[in-house]
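There are 2 protein chains.
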Amino acid sequence: MSKPPIRVGFIGLNPNNKWAATAHIPALRSLEEDFEIIGVANRTLESAQRTAQELNLKSAFASPAELIASPDVDLVVVTVKVPHHFELVSAALKAGKHVYCEWPLGNGLDEARELAAMARETKSVAVIGTQGQTAAGVEELKALIADGYVGQVLSTSIIASGGNWAGQTTADSYYLSDGANGASMQSIALGHTLVAIQHALGNFDAVDATFVRNFDTVEISDTAEVLPKDVPDQVMVQGRLANSAAISIHFRGGVSRGTNFLWEINGTEGDIQVTGDMGYPQIVKLSITGARLDDRVLAPLECKRNRSPAENLSPAADAVAEIYKRAAADIRNGTRTAPTFDNGVALHELINHIEVSAAAKQKGVVLSFD
Amino acid sequence: MSKPPIRVGFIGLNPNNKWAATAHIPALRSLEEDFEIIGVANRTLESAQRTAQELNLKSAFASPAELIASPDVDLVVVTVKVPHHFELVSAALKAGKHVYCEWPLGNGLDEARELAAMARETKSVAVIGTQGQTAAGVEELKALIADGYVGQVLSTSIIASGGNWAGQTTADSYYLSDGANGASMQSIALGHTLVAIQHALGNFDAVDATFVRNFDTVEISDTAEVLPKDVPDQVMVQGRLANSAAISIHFRGGVSRGTNFLWEINGTEGDIQVTGDMGYPQIVKLSITGARLDDRVLAPLECKRNRSPAENLSPAADAVAEIYKRAAADIRNGTRTAPTFDNGVALHELINHIEVSAAAKQKGVVLSFD
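Line order of the protein sequences matches chains H and X.
Each residue of the first sequence is one higher than the one before, starting from 1 at the first, in this note's numbering.
Each residue of the second sequence is one higher than the one before, starting from 1 at the first, in this note's numbering.
The shape of chain H in the complex, shown without the other chains:
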């Protein structure tokens, strides 16, 4: 006899909000035995009603507080902008609900630590949406490395594009340009990628970072405004992994007409290249090629140990579905297989270390050769 589905309430769900609607909804609908999407709370009741109707959900709640208080909701999914995470997640935890919160967990490390402490206290299943460790391509890469495809990993290098954080944005995305919102390129684009790196290659040992800001203002394309921007548009990280491999990462704001995601892994016996359309290994389709020993040319790699991605789901929705699968097991069995708020805190700590390192950089003397 199957157990009753876990009843999910969304805070911040809008068919126009591409992420929640295109990744979370298909993910949950692919897991019908485990989950039922009950309803939604948005900023206004009207918006919630519109969403509920469009997505065919039972309930439109008048406010997040009403959703959180509802006895019909077991799991509160928070897919709003980062500055609202703390208030909504802590309210949900205090109400005894399980929570799935999008990454970043908090607006900065302190908020994240406080939320994780709350989750430990309430014993809720508190899941952080870091799908860098559940994306099918990353799992595939991890299995290849674990199987010894490249031998001992000597180095890894990533050149990636963040999509946002360059000289232009939209009114809706402008909050990404304001550091006060905790939604910078290093916390979002790099953060998700750090998770993927650690999942496939192991933990970081030491890292050092340099940030560059070429744009101090940003053009808002839909309003023609020019607004201040105080977050970096170039994020460079270099260091060592715990296995002593060298790591170099360069995230650039905006989009390149050339490389948007290149992740090379070099080992004693082989080399792997992972490529994709953007620096979000948890979202885009990853192509994996490799060569080892006497191979001279990279060829597509298929990894037999791979978890097959669900058919009909995009890579992004598939990675989210994998998190929900684990969350369902955790809620039912008291396990902690899905990424937890404590994992989220560790990632915040790593990003904080990167930010502190970048901030400590002194402007050097001019170094010239010509």
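FYI, nobody ran anything at the bench for these hints, they're computed from the structure.
A hint or two may mislead.
For chains that are exact copies, the list does not tell them apart, and a pair is met inside one copy or across any two.
What the hints assert, rightly or not - Capping the alpha-carbon separation at 25 Å, the derived lysine to any residue pairs in SDA-like fashion look like this:
| hint | residue 1 | residue 2 |
| --- | --- | --- |
| 1 | 18 | 296 |
| 2 | 361 | 152 |
| 3 | 285 | 273 |
| 4 | 18 | 32 |
| 5 | 361 | 44 |
| 6 | 285 | 298 |
| 7 | 94 | 203 |
| 8 | 361 | 207 |
| 9 | 361 | 242 |
| 10 | 361 | 205 |
| 11 | 142 | 90 |
| 12 | 285 | 297 |
| 13 | 361 | 201 |
| 14 | 285 | 299 |
| 15 | 58 | 117 |
| 16 | 94 | 59 |
| 17 | 58 | 174 |
| 18 | 3 | 255 |
| 19 | 58 | 293 |
| 20 | 123 | 21 |
| 21 | 123 | 36 |
| 22 | 142 | 213 |
| 23 | 3 | 352 |
| 24 | 361 | 213 |
We have chain H already, so just place chain X on it with the hints.
Chain X only, in chain H's frame:
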């Protein structure tokens, strides 16, 4: 009426020493109006005689000292291993000769400074072989950037292979693995590349580096010995150029079956990719592709302002020939158009800064997420 050719004597020339024989000799022979290769001095007279015969040169000198003292030699070319540069170059300068010395100039910054001071005193034309600024592909790139192809440069990223400095080498190349010889990956492979970067994109502002050594020993393939190695096999540099663009460089020892040279330049209006078979932009054939404005796909770029490389010369020999052309003008006209020892000192200073920065890195706390 043409002037008499400048008479060149080589210290360290051997048909089996691929670099001098395959780059310098064809370069000079393509400039017959300007140069005559008089002869050679090697470690033994026999070796010099063998080389002179094979390459059809007039003179085999019994020793470097004899070559330097010969009234038939105007320009002494030093193409021996780095530890011998100081003694040979300073002897040539003291004898009043012009000098072409291969990069690195000195075994470390202090030697380079002393040699440059000597050259200033003797007023010799003292040329340093940093062809990163004369390679046709780099000139082409420089012209594209200067023409505004990418608009304002926002960032540049390089992933490259050093060829040497991994876990295996040959007896003849083992000296590269011993830091005491001043021939590390950061001084040779990275050094030449830094010159190319500065030539195309402008000076460095601030840089920071991390070195990793995965191999503490090196297998000597032709003798089956295992010998110590104390130089890094992973060299990472990140920082800003003087124009504020972000720069990230990752040189890996050995050869990758994937990326061996990828140099991407991203600007406000376009993107350029430079690729080649190895991280030596002054030697390998560089392919340049780009896209700008509404272009969606990178396409080969031809730069109209480009100096056409000499026909029949390899890219490496062509870049060396360009240095010799300038050296001829400098010797005849008292100009300083070829890279000088002072330029060499500036490059040594930049590399020294990189080495100091890397050495200052503390082993960090273990940073984990999983």
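A quick look at each hint next to the structure:
1. 18 - 296: Result: close only across copies, 24 Å inter versus 41 Å intra.
2. 361 - 152: between (32 Å within a copy, 24 Å between copies)
3. 285 - 273: Both, since 14 Å and 23 Å are each at most 25 Å.
4. 18 - 32: within (21 Å within a copy, 68 Å between copies)
5. 361 - 44: Neither, since 45 Å and 52 Å both go past 25 Å.
6. 285 - 298: both (18 Å within a copy, 21 Å between copies)
7. 94 - 203: neither (33 Å within a copy, 56 Å between copies)
8. 361 - 207: Both ways: residue 361 and residue 207 sit 13 Å apart in one copy and 9 Å across, limit 25 Å.
9. 361 - 242: The answer is both: 24 Å in one copy and 15 Å across copies each meet 25 Å.
10. 361 - 205: both (20 Å within a copy, 12 Å between copies)
11. 142 - 90: neither (34 Å within a copy, 55 Å between copies)
12. 285 - 297: both (22 Å within a copy, 19 Å between copies)
13. 361 - 201: between (28 Å within a copy, 22 Å between copies)
14. 285 - 299: This pair counts as both: shortest intra-copy Cα distance 17 Å, inter-copy 24 Å.
15. 58 - 117: neither (33 Å within a copy, 84 Å between copies)
16. 94 - 59: Within one copy only: 22 Å inside a chain, 92 Å across chains, cut-off 25 Å.
17. 58 - 174: For residue 58 and residue 174, neither the intra-copy (33 Å) nor the inter-copy (73 Å) Cα distance is at most 25 Å.
18. 3 - 255: This pair counts as neither: shortest intra-copy Cα distance 46 Å, inter-copy 55 Å.
19. 58 - 293: neither (57 Å within a copy, 47 Å between copies)
20. 123 - 21: So residue 123 and residue 21 fail the 25 Å test inside a copy (28 Å) and across (73 Å) alike.
21. 123 - 36: Cα proximity of residue 123 and residue 36: one copy only (22 Å, versus 85 Å across).
22. 142 - 213: between (33 Å within a copy, 23 Å between copies)
23. 3 - 352: Result: close neither inside a copy nor across copies, 41 Å intra and 66 Å inter.
24. 361 - 213: both (13 Å within a copy, 24 Å between copies)
Violation of the numbered hints given earlier is confined to hints 5, 7, 11, 15, 17, 18, 19, 20, 23; the remaining hints are satisfied by the structure.
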